[in-house]
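Can you make the complete structure from the sequences, with help from the hints?
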Amino acid sequence: MTQLYHFHGGVHPPTHKALSVRSPIATPPLPSKLVIPFHQHVGSMAKPLVQAGDYVFKGQLIGMPEDGLSSAIHASTSGTIAEIGMQVVAHASGLPDLCATLIPDGKEAWVVREQRNPITLPIDEIRHILRLAGIVGLGGAVFPSDAKLRGGKHHVRTIVLNGAECEPYITCDDMLMRQRARDIVRGGDIIRRVLGADEVLIGIEDNKPQAIAMMQEACVDRSSMRVIAVPTLYPGGGAKQLIRVLTGIEVAAGVRSTDKGVQCFNVATAYSIYRAVAFSEPLLSRIVTVTGNVHKPQNFEVLIGTPVDELVAWAGGKPDTTHHIMGGPMMGVPLPNDQVSVVKACNCIIAASDALFPPAPPAMPCIRCTRCAEVCPQELQPQDLYWFAKSKNFGKAQEFHLFDCIECGACSYVCPSHIPLVQYYRFAKSEIWARDNDKKAADQARERHEFREYRIEREKQEKADKLAAKEKAALAAKPAASDDAQQKIQAALAVAKQQAVTPKNVSDLTPQQQAEIADIEARRANNQARAQSDAGT
Amino acid sequence: MFYSPFIRKPISVSQIMLRVMLALIPAIGAYLYYFGPIILVSLTLASITAVATEAAMLKLRNRPVAPFLQDNSALLTAWLIALSIPALAPWWLVVVGTAFAIVIAKQLYGGLGNNPFNPAMIAYAVLIISFPTHMTHWLTPAMLIHADLGFAGQLAYMFGNVLPQNMTLDAFTMATPLDTLKTQLHLGTAISSIFGQPIFGGLAGQGSEMVAVGFLVGGVYLWATRIITWHLPVAYLGSLFVIAGIFHLIDPAHYAPPLFHLFSGAAMLGAFFILTDPVTSPTTHKGKLIFAAGAALLTYLIRVFGGFPDGMAFATLLMNICVPLIDLYTQPKVFGKKEQAR
Amino acid sequence: MISALLVMAGIAIVLGAVLGFAAIKFRVEGNPLVDKIDAVLPQTQCGQCGFPGCKPYATAIAAEEADINCCPPGGEEGIRKLAELLNKEFKPFGDNAKPKPKAVAYIDENTCIGCTLCIQACPVDAIVGAAKQMHTIIAADCTGCELCLAPCPVDCIAMNPIEETLSVWKWKYPVYALSPTP
Ligand code: SF4
Ligand code: SF4
Ligand code: SF4
Ligand code: SF4
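These protein sequence lines are chains A, B and C, in that order. Numbers 92 to 628, taken from our numbering, label the letters of the first sequence in order. Numbers 129 to 470, taken from our numbering, label the letters of the second sequence in order. Numbers 5 to 186, taken from our numbering, label the letters of the third sequence in order.
Hints are computed from structural coordinates only; laboratory data are not their basis. Among the clues, some could well be false.
To be verified - Taking lysine-lysine pairs in the DSS-like style, the calculated list, with each CA pair at most 27 Å apart, reads: (1) A:LYS530 x C:LYS102; (2) A:LYS530 x C:LYS174; (3) A:LYS530 x C:LYS85; (4) B:LYS310 x A:LYS483.
Structure follows, in structure tokens:
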């Protein structure tokens with residue numbers, strides 16, 4: 092029995108998970124259209140590679156990752172690109188973003204794929220494959236996986252595979268582990284190999300006995316891989332919390348977990364990694380739980396870009412649904428409308444009704460009861476953060492570790508005054524970011540302005556200098572009528588100055604000598620560059 | 129538009145307040161048994177005053193009345209006031225105290241959640257400073273009583289200030305055990321002989337000790353249902369016990385035993401119902417311990433060396449002032465930012 | 005009694021001397037107050053404050069020659085920051101100074117005749133172009149100061165307010181249904 096650690100606080104919201112695990116993962120028919128956003132991941136937006144009217148194959152790259160942190164976007168099926176344009180996307184803001192609209196032709200014609208052996212593939216190539224396959228963290232963070240597999244300065248000892256799935260209602264990881272445990276484990280092998288880790292710990296909350304059994308069976312022949320049942324406690328599936336429970340390591344905000352020797356991947360990500368590496372299948376679909384106010388709650392293997400209304404219709408959406416939630420009831424976002432499409436971050440669609448999610452009672456003043464602090468998994472003092480965020484005292488909020496908040500919602504869940512605490516934290520965080528950006532812009536403007544002043548000053552100076560030089564030259568050119576020694580010296584100086592501009596000693600050299608000099612110069616520059624970069628690191 | 133979390137634990141401020149009031153029932157029961165039904169009158173009187181003044185203040189402050197009245201916090205304050213002043217007080221004493229607590233100590237500071245001082249203790253402090261004699265007429269418990277006034281007689285005294293002929297107040301009221309102890313010690317009587325007097329029971333005062341037990345029972349219920357955490361009561365009672373114990377060990381003839389201190393005066397009430405008022409106590413665990421220990425020390429000092437019969441109210445108010453400071457200096461380390469013991 | 009007074013006075017004098025010495029010894033060169041004020045100003049460099057840029061305005065504030073409510077691009081937030089920095093009362097904008105949403109300039113490239121006048125006006129060198137060539141604005145560097153509008157002989161520069169996009173979107177302040185008055 093492995094020793095489990097525990098994290099502070101946590102809550103036990105009713106899970107409602109039994110609803111959607113009664114039937115296996117289903118594959119819905121092709122939707123009438125697919126709306127595929129080009130920015131579905133952390134990092135910069137993928138650059139569109141196709142135009143309206145282009146025919147694309149299933150799995151064809153349509154969005155190229157930009158330099159740095161970014162990921163690729165693919166056509167989820169074969170068909171014609173109808174439009175590249177701004178459309179409302181699945182985001183709390185309800186703002187439009189660049190999307191490709193794809194009309195499926197029903198042929199599901201794939202691009203050329205190849206089978207590879209993940210055991211022998213060079214590690215660099217695996218990262219490259221993942222980047223171009225658009226693999227991102229499917230637990231909801233959508234962080235590009237290739238970047239996570241880059242490791243840090245420290246040796247990564249432990250890989251944590253996150254199958255905890257602590258959010259109520261969501262069962263997509265549960266069903267995936269029940270039905271495709273073997274591929275998840277193989278994905279774990281790849282991750283372990285790339286990061287050179289010693290062990291893989293698969294954490295699953297103990298309310299999923301079937302998933303635990305299947306996963307245990309799948310990794311029974313691997314000595315370095317262990318399935319560990321963790322207590323059911325929200326937010327035990329948060330990466331920081333699960334790492335803490337399994338290894339005892341606490342990864343503070345702003346610290347890379349690899350610096351502490353652990354890295355955490357969602358089980359669904361591990362599955363996609365395996366499919367991408369072994370079968371060159373890019374991330375075209377994901378398992379989505381459709382539940383809530385529907386007749387037949389179920390998990391679907393959904394193509395990225397499927398409109399939410401069509402997806403919910405397959406699960407039998409009830410007419411009194413007021414809106415839809417992407418994600419779980421604790422951390423999910425309300426969708427701006429039903430036409431937005433499923434994105435890589437979308438693990439669950441909950442049809443909401445007033446009966447299921449009654450509107451919040453009016454918020455009362457905080458009575459400082461510290462129920463929020465008792466449940467906060469990050470050991471913050473939410474009531475203080477609330478106070479500072481509410482009074483827009485952002486400096487103080489940061490001092491009280493606002494940015495350590497993982498927005499799990501546990502505090503709002505227990506608050507007897509029904510204060511939308513997390514909402515205040517989100518507001519404060521985005522306000523602080525905006526201000527930081529303003530500050531940066533202002534600093535840049537100041538710099539540019541100062542440079543301009545300097546430039547104008549310098550131009551003035553140069554003009555004046557030129558004028559003076561001209562006058563002097565004119566003076567010197569005048570025949571030296573008076574044998575003024577002073578003037579002679581001046582003239583001589585002027586001549587010397589002009590001559591100094593073109594040094595004589597290199598003016599007439601043989602080509603060979605010149606080549607040698609160039610060689611030496613090059614070497615010197617090289618050395619200098621190296622010295623600089625050494626100093627830099 | 130609502131944002132996540134979309135679900136909430138079914139708990140509200142009004143439920144919490146209601147549970148706390150529920151937890152006062154055992155003590156009220158003991159009160160009824162030992163001192164008669166007059167306590168119900170002062171409870172009712174205080175409640176009516178509290179609700180009326182709260183509603184009026186909310187109206188004046190242009191705040192929504194209904195949700196704030198439903199939070200039950202005014203009612204709870206009223207009950208605490210009624211339980212901490214003598215039950216047979218003239219009606220205006222109850223009204224003035226409650227109104228002062230709600231209007232000045234609570235609403236003028238911004239209402240629920242914004243008052244730095246415990247309203248009930250402010251009421252107590254104001255009354256004992258302004259009307260010290262009225263505040264010392266505590267009912268004599270049933271088993272010691274010489275002349276029974278009867279419920280009707282009590283009502284007549286309370287509302288009309290009339291006493292039956294040939295009866296004085298002293299016939300059915302007495303000083304509290306704490307008070308008696310103080311005066312007698314002053315006269316040079318030793319503890320052991322003071323405790324031999326009939327007003328003293330097994331723990332502290334006859335009757336009043338059982339009310340204290342009632343508070344203890346209610347407090348344990350609050351802790352068991354997670355309305356309060358153990359920190360404040362345990363730290364308060366523990367510190368009081370230790371401090372009183374030290375003095376008692378040094379000089380048993382002049383300092384009462386620790387259990388006497390725990391079960392007399394407002395110690396039990398304070399430990400479970402006054403200090404634990406979330407609005408006016410620290411939010412951190414460490415802070416709670418410091419706050420309660422400080423309150424215990426001050427209570428003891430005021431009781432034994434000060435001029436007032438009980439120190440609970442002043443100790444609470446003094447410690448209330450320190451709360452922001454205590455909170456600031458006891459901020460716990462957050463996740464991942466503490467020294468890791470692994 | 006006397007000795008106690010003397011001791012107190014002595015301590016006061018010594019402390020005063022130490023403070024004075026420290027003030028001389030550790031005096032920061034330059035005028036940090038101007039820099040501090042300048043750091044709070046938005047650096048739009050628009051001159052709406054009546055000074056030829058943010059630094060001159062900062063200098064004027066530091067010298068108590070200008071009020072703190074003269075910078076529209078900074079918004080009320082800016083005044084509040086200045087008030088806090090200088091320990092002064094908050095003062096709302098006067099009637100002639102109203103903040104408006106931030107914008108960037110945009111040159112209609114078909115109309116531009118390449119006169120280079122706007123280049124000379126731009127305080128942050130955010131316009132590129134050469135004589136007789138069409139000009140264009142580096143949107144990322146434009147502060148929205150509007151100084152380039154006036155010099156343009158063919159009126160081809162327009163100010164486009166910055167639209168809310170996903171990357172600059174902010175969470176709104178939560179609305180409190182319960183309290184009509186704060
Ligand atoms: S749970 Fe709510 S009322 Fe209690 S301290 Fe936290 S924010 Fe305040
Ligand atoms: S949302 Fe933030 S403050 Fe609230 S419990 Fe979660 S981590 Fe703590
Ligand atoms: S008004 Fe314009 S120039 Fe003056 S301080 Fe503000 S941004 Fe700078
Ligand atoms: S381009 Fe125009 S508006 Fe923009 S900074 Fe330059 S002068 Fe100001």
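Problem - Contradicted hints - numbers only - result: Hint 4 contradicted; others consistent.
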